[in-house]
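Novice: Chains as they are written, first to last, in the working numbering: chain A, 1 to 301; chain B, 1001 to 1301.
The reader is advised that the hints may include incorrect statements.
What the hints assert, rightly or not - Which stretches of chain B does chain A cover? Using the computed rule of at least three CB atoms under 8 Å from a CB of chain A, they are:
hint	stretch
1	1039 to 1049
2	1055 to 1062
3	1110 to 1116
4	1119 to 1126
5	1136 to 1142
6	1161 to 1167
7	1179 to 1186
Unchecked claim - Here are the computed distance ranges between Cβ atoms for each label pair:
hint	chain 1	residue 1	chain 2	residue 2	range
8	B	1177	A	48	31 to 37 Å
9	A	273	B	1171	53 to 59 Å
10	A	103	B	1281	31 to 37 Å
11	B	1247	A	178	50 to 56 Å
12	A	111	B	1248	31 to 37 Å
13	A	178	B	1026	27 to 33 Å
Worth flagging that the hints you see were computed from the coordinates, not collected in a lab.
Note that CB positions come from ideal geometry on N, CA and C, so glycine has one too.
Number of protein chains: 2
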Amino acid sequence: MNETKTADSLSEALAQGGAAVDRLLGELLSGEGGQEARLFEAMRYSALGGGKRLRPFLVLASSRLCGVPDDRALRVGAAIEMIHCYSLIHDDLPAMDDDDLRRGQPTCHKEFDEATAILAGDALQSLAFEVVAHPATHPSGDVRSDLVRALAFGAGARGMAGGQMIDLLAGDEFPDVATIARMQRLKTGALIGFSCESGAILGQAGAERRAALQHYAHNVGLAFQIADDLLDVLGSAEDIGKATQKDEAAGKVTFVSLLGVEKAQERARLLSDQAIGHLDIFGEKADHLRAMAKFVIERRT
Amino acid sequence: MNETKTADSLSEALAQGGAAVDRLLGELLSGEGGQEARLFEAMRYSALGGGKRLRPFLVLASSRLCGVPDDRALRVGAAIEMIHCYSLIHDDLPAMDDDDLRRGQPTCHKEFDEATAILAGDALQSLAFEVVAHPATHPSGDVRSDLVRALAFGAGARGMAGGQMIDLLAGDEFPDVATIARMQRLKTGALIGFSCESGAILGQAGAERRAALQHYAHNVGLAFQIADDLLDVLGSAEDIGKATQKDEAAGKVTFVSLLGVEKAQERARLLSDQAIGHLDIFGEKADHLRAMAKFVIERRT
Chain A
1 MNETKTADSL SEALAQGGAA VDRLLGELLS GEGGQEARLF EAMRYSALGG GKRLRPFLVL
61 ASSRLCGVPD DRALRVGAAI EMIHCYSLIH DDLPAMDDDD LRRGQPTCHK EFDEATAILA
121 GDALQSLAFE VVAHPATHPS GDVRSDLVRA LAFGAGARGM AGGQMIDLLA GDEFPDVATI
181 ARMQRLKTGA LIGFSCESGA ILGQAGAERR AALQHYAHNV GLAFQIADDL LDVLGSAEDI
241 GKATQKDEAA GKVTFVSLLG VEKAQERARL LSDQAIGHLD IFGEKADHLR AMAKFVIERR
301 T
Chain B
1001 MNETKTADSL SEALAQGGAA VDRLLGELLS GEGGQEARLF EAMRYSALGG GKRLRPFLVL
1061 ASSRLCGVPD DRALRVGAAI EMIHCYSLIH DDLPAMDDDD LRRGQPTCHK EFDEATAILA
1121 GDALQSLAFE VVAHPATHPS GDVRSDLVRA LAFGAGARGM AGGQMIDLLA GDEFPDVATI
1181 ARMQRLKTGA LIGFSCESGA ILGQAGAERR AALQHYAHNV GLAFQIADDL LDVLGSAEDI
1241 GKATQKDEAA GKVTFVSLLG VEKAQERARL LSDQAIGHLD IFGEKADHLR AMAKFVIERR
1301 T
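Using the sequences and the accompanying hints, generate a full structural model.
Specialist: Written out as structure tokens, the structure reads:
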């Protein structure tokens, strides 16, 4: 019974957090009647086109654990979502994954054109840093600079972009589980890690809490990715709003292709349990993050 | 005689500043033996492949006017150069300008491939913000955050990326001088403007000095662009290391096609003179910036 209650309250919290970050993204991307209006349209199209807003939720939940007001956490959540959306726009380009469909809608370069999609991604990345560095995010310039550095590190060559590079190259050879794990740790783990860590930075929390959130994020990030690979095999395009069984068709090596469905499910569960274990020092207050660790491996979309 | 001396000293200062920023870029981009090594290679290929380093020079010169140590200015200069190089990589892509040659070398997507070039540009943008936000750039977190905000604004949809969008759309219609001027103010002017403004931010200079550097940069930026258009018409590919007379071949509207060569030259000279006029409050110390305002309209490459 308690579990059902927490799950309900998680989906409620996810919906509330998602709506709040959508409102803020709408404000931050409201724009411009000038000749460059098309660029703002493309940015809005991709950033406001739905999505689960898992990362902003992680920022909100970890921020609340560290005594941070929601309005500050939401700004960081919106910035992370801009980085995430820019990476999806560029990832979908013909030279990269060449995807026509994203969240059930035409991808940015299909709805607009390739050049506009490249620029929209570029401009979303810039705006993310502009938002984080703004005094409304935190009164302390040191805290804002720390956030910028950690976000830039997570997005860059030693984080997300580096992981995408490994992913591209992995197509040419036959990677092992360790390579796939490292690729995912960079490609999706770095930004999920920053989502949780940002709560600790915003709340100027001690090293122990910061490390606990980092470890939680590391495990949740990997569990999330294995669940994603499983969905590609087990889910339907209708449910998840993008093409499925693409990995196999593309001859792509994933956790599932390397481990098989059952062992992959087992590993995702183990990672989810480990993530929950790291939250002990926060007590009951961390129930949302606990529920999230379960949700990421049980979700159907 | 004095003029020759200043010009000599300018080319010396340009060479010294360029060498210093190259060294720093080399350090900041030194990297990674991991599976993502190719990404670092592509970033280095594009960021260390020569270039006039005009923007870092402007940061250095304006910083010296505001009492800022060179090592701080150089970090900002390196970051701006990363943003500039990322924009060139993406600009050269087949979906954008489709260029094969840059600074006399194959463009990034020709030397590597399109996907790697997209990611190298993305990662250079992230790294620029990481470098600016690092405590080595300035002890004050507020100053670092101000720099991040101004750089992000200059690079983003209301700056460089917005100007590129207008440039793309201008191909479909017949723009007038005002549209071309606004496009250039965003596309190249915003980053040149930040290059000069950053000296004032780093030096926590008063409003008058900051405004003087902004106005100087505005005029120099536009003069620089007109000179660029003139070089495309009057220069040779051998001299400038990229294809010339591309604008006309592409039916592109430029200051030169709208105004004619003579009137364009006149306007560039006027802007250069105006730029120099804004430097009066700095006295003799601003001689390098004065020489630079002359150099941008007299350069042959």
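Novice: Against the earlier hints, flag every one the structure doesn't satisfy and list their numbers going up.
Specialist: Numbers 2, 10 - these are the hints that the structure violates, sorted from lowest upward.
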